[in-house]
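Q: Sequence:
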Amino acid sequence: MKKNVPIAIVDCNNFYASCERIFNPKLIGKPIVVLSNNDGIIVALSNEAKQLGIKNFSPLFKVNDILKKYDVAVFSSNYTLYGDISHRIMISLEQFSPEIEVYSIDEAFVYLDGIHNKDLFSYAQEMQKTIKKWIGIPVSIGIAETKTLAKLANRRAKKNQEYKGILNLINNVEIESHLKLTNVTDVWGVGRQYTKLLNCHNIYNAYDLSKVNHNWIKKKMTVQGLRTVMELNGFPCIEGEFIPPDKKGIISSRSFSNYVSEKNELSEAIATYTSRAAEKLRMQKSVANMISVFLRTNPYKNTPQYHNGCQVMLPVATDFTNELIDYALKGLEQIYKPNYLYQKVGVMITGILPKNILQNSLFDNIDREKNQKLVDAIDKINLEYGSDTIYFASSGVQKKWQMKRDFKSPQYTTRWEDIPYVISNLVD
DNA sequence: TCTGGGGTCCTAGGACCC
DNA sequence: TCTGGGGTCCTAGGACCC
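The first sequence begins at 4 in this note's numbering and counts up by one.
These are calculated hints, taken from the structure and not from any lab test. Note that the structure is a prediction, hence the values are computed from the model and not measured. Every residue, glycine too, gets a C-beta built ideally from N, C-alpha and C. Relax, there's no trap hidden among the hints.
Calculated pairs, EDC-like style, for lysine to aspartate or glutamate (alpha carbon to alpha carbon, straight line, at most 16 Å):
#, residue 1, residue 2
1, K251, E282
2, K33, E51
3, K266, D329
4, K283, D382
5, K65, D42
6, K403, E265
7, K72, E51
8, K407, D42
9, K383, E282
10, K132, E97
11, K402, D391
12, K358, E372
13, K358, D379
14, K376, E282
15, K402, E268
16, K214, E179
17, K283, D249
18, K135, E110
19, K411, D42
20, K358, E282
21, K402, E265
22, K121, E148
23, K347, E268
24, K162, E51
25, K71, E51
26, K250, E282
27, K183, D211
The following label-pair restraints were derived from C-beta to C-beta distances:
#, residue 1, residue 2, range
28, Q196, E242, 20 to 30 Å
29, N7, T353, 31 to 41 Å
30, Y309, C203, 35 to 45 Å
31, N59, N342, 32 to 42 Å
Modelling step: build the complete structure from the supplied sequences, incorporating the hints.
A: Rendered as structure tokens:
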């Protein structure tokens, strides 16, 4: 039988909080929290903050008192910074294996083909030390024969001080006890709904789950559930993706800092989000033939509720910002109703195709050559001088509705974004 | 007063075709 | 009165992930 390749999952500890700490040594040993967009909820905590009993995903207003009382350092999220740190970590990991699968901003699977089992632990220690020394971020590493088991090992490594952040489950005699000590809800692929269902059938931990009947689990949790069970038993069946595939849908949406009712302000927001989505579309060298627009009031609030969305087909697939904005605004026109307190709007681009196979249409009356030069110029300037250096006037200049970021840290690693003046309205 | 944003995969069911 | 079988494509909705 073919031997499985050892898989390590390298996961940054409290990533966003750790990023904020790199450039601010005064924060070592101090509690830190990082907020979501719009400063709405907590999305990352340092260990010290966790020890104060603060929970992830708590709304800021519910924990304000405790934050003040313990002098917790609070940051708005700074994704430009975190993305840059993430990139550096991934580059460092390439020293250790030719096969790295970047799984999220703070995690990567590292395939350790050819490393003998007795050496895996020290190899992982070397990775951990390197990332701490070069970048300053602490990581935990789980090693196993499948991704699901590696994730489980990682969790165990993180939760138990004595492992110092590394656990190898390959040929590990205690594997059964590790499975029994992992709640089923903490298994990769099991969320809230499935936890409820499994608990109803007396399945409480990863070990219980590994023993279920395959037909039963497929019926209850689709083939994805079956894959999870197989993986818990050491049979890899979740494929790696080494080259990230093109996105099939690109969403851009934000909550407003204050409620918005006016159509012209909603239009500005839609134009702004469409610009972002179009930029991403061009980055992956695609075009799209559908744009959806959606809006909604605040579901938590006891005010008149309205949410709606609509899809607009484009006659010719495109990646031009101005064209996409035109169609998005037509969509808004269809669903907008006055007098509601809107909390959020967004756009989603779908029907995505590679640009290089784009066919010319007989009915196309847009000067595509001219538009191409325009967006190329915009992308080039925004890349060099920071995003939003130039933008379409329909996006608005004042942007009263724009999200809150009251606690943002400076741009330590990327120079331009925070430079305070902006060349606006060069282009319409 | 204040509750994120951006994705993926899978299935069921309807429309349509021969 | 009788009312097939098999295939494809699309969409909506539900689950999950970070």
